[in-house]
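Please work from the sequences and hints to get the whole structure.
Taken in sequence, the protein lines are chains A and B. The C-terminal residue of the first sequence carries number 113 in my numbering, and the numbering is unbroken. The C-terminal residue of the second sequence carries number 1108 in my numbering, and the numbering is unbroken.
Since the hints were made in silico from the structure, they are not lab data. Keep in mind that a hint or two might mislead.
Calculated pairs, BS3-like style, for lysine-lysine (alpha carbon to alpha carbon, straight line, at most 30 angstroms) [as the list claims (entries may be wrong)]:
no., chain 1, residue 1, chain 2, residue 2
1, B, Lys-1052, B, Lys-1069
2, B, Lys-1003, B, Lys-1095
3, B, Lys-1003, A, Lys-38
4, B, Lys-1095, B, Lys-1069
5, B, Lys-1003, B, Lys-1069
6, A, Lys-52, A, Lys-38
7, A, Lys-44, B, Lys-1069
8, A, Lys-44, B, Lys-1003
9, B, Lys-1107, A, Lys-38
10, A, Lys-44, A, Lys-17
11, A, Lys-52, A, Lys-17
12, A, Lys-17, A, Lys-38
13, A, Lys-52, B, Lys-1095
14, B, Lys-1095, A, Lys-44
15, B, Lys-1052, B, Lys-1095
16, B, Lys-1052, A, Lys-44
17, B, Lys-1095, A, Lys-38
18, B, Lys-1052, B, Lys-1003
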Amino acid sequence: DAMVIQNPRYQVTQFGKPVTLSCSQTLNHNVMYWYQQKSSQAPKLLFHYYDKDFNNEADTPDNFQSRRPNTSFCFLDIRSPGLGDAAMYLCATKSAGGEDTQYFGPGTRLTVL
Amino acid sequence: DAKTTQPTSMDCAEGRAANLPCNHSTISGNEYVYWYRQIHSQGPQYIIHGLKNNETNEMASLIITEDRKSSTLILPHATLRDTAVYYCIVLGGNKLVFGAGTILRVKS
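Here you go:
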């Protein structure tokens, strides 16, 4: 089945140690999103790609960056994770040309020690 | 983006209909109402969306008032697996802005 895949599902890193989370999709969607969801809170958009065009949310910290090497893959890089960056990170995709429905992956839960 | 207001939590008996209300009084004419749900430790799952007319799919029904200022998501026969946080979102542009949602607890 076409889907949004996130690996790994659980990631542990050390304070200040760079970490990369990955997302892939088989839906061939133009738009890919990264959300952060802290415990007991709603998902919060960090940034999104419209094809290769990167769109950062105004309040996304500089510590968070993203790469999209091709349509299928998108990466979230956290340059120097702090304890406050522990969260679930969600990837979502959307087709630009049709329905506005976003399809989410299962998320990666990041723990910072 | 238009704001939404939902009850913090609701309980529903297994097998009964779950009716989840949402207020979106500042919705614009071209903005859709979307519903997602999030089961614990999973990614949000799309349920249904609508503009003006009532909508139904295999998961749920969406009833939108004529003035579009509120809507109700209906799960016709709730099961324990429907226990989740339900988000009502008014979509403007490319971005979903999640509110706090409603915690639905389905009880046997």
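So, going through the hints one by one against the coordinates:
1. B/Lys-1052 with B/Lys-1069: 10 angstroms, holds
2. B/Lys-1003 with B/Lys-1095: Measuring from Cα to Cα gives roughly 13 angstroms; hence the hint holds.
3. B/Lys-1003 with A/Lys-38: Cα-Cα ~21 angstroms, so holds.
4. B/Lys-1095 with B/Lys-1069: 20 angstroms, holds
5. B/Lys-1003 with B/Lys-1069: It holds: about 11 angstroms lies between the C-alpha atoms, which stays within 30 angstroms.
6. A/Lys-52 with A/Lys-38: This hinted pair holds, its Cα atoms lying about 27 angstroms apart.
7. A/Lys-44 with B/Lys-1069: The given pair, whose Cα atoms are some 24 angstroms apart, holds under the 30 angstroms limit.
8. A/Lys-44 with B/Lys-1003: 15 angstroms, holds
9. B/Lys-1107 with A/Lys-38: Given that 30 angstroms is the threshold and the Cα spacing comes to 27 angstroms, the pair holds.
10. A/Lys-44 with A/Lys-17: With a Cα-Cα distance of about 23 angstroms, the restraint between A/Lys-44 and A/Lys-17 holds, given a limit of 30 angstroms.
11. A/Lys-52 with A/Lys-17: Holds, at about 27 angstroms.
12. A/Lys-17 with A/Lys-38: Satisfied, since the Cα-Cα distance of roughly 20 angstroms is no more than 30 angstroms.
13. A/Lys-52 with B/Lys-1095: Holds. A/Lys-52 to B/Lys-1095 sits at ~17 angstroms (cutoff 30 angstroms).
14. B/Lys-1095 with A/Lys-44: 10 angstroms, holds
15. B/Lys-1052 with B/Lys-1095: 20 angstroms, holds
16. B/Lys-1052 with A/Lys-44: 27 angstroms, holds
17. B/Lys-1095 with A/Lys-38: 19 angstroms, holds
18. B/Lys-1052 with B/Lys-1003: Holds. B/Lys-1052 to B/Lys-1003 sits at ~17 angstroms (cutoff 30 angstroms).
In summary, this structure violates none of the numbered hints.
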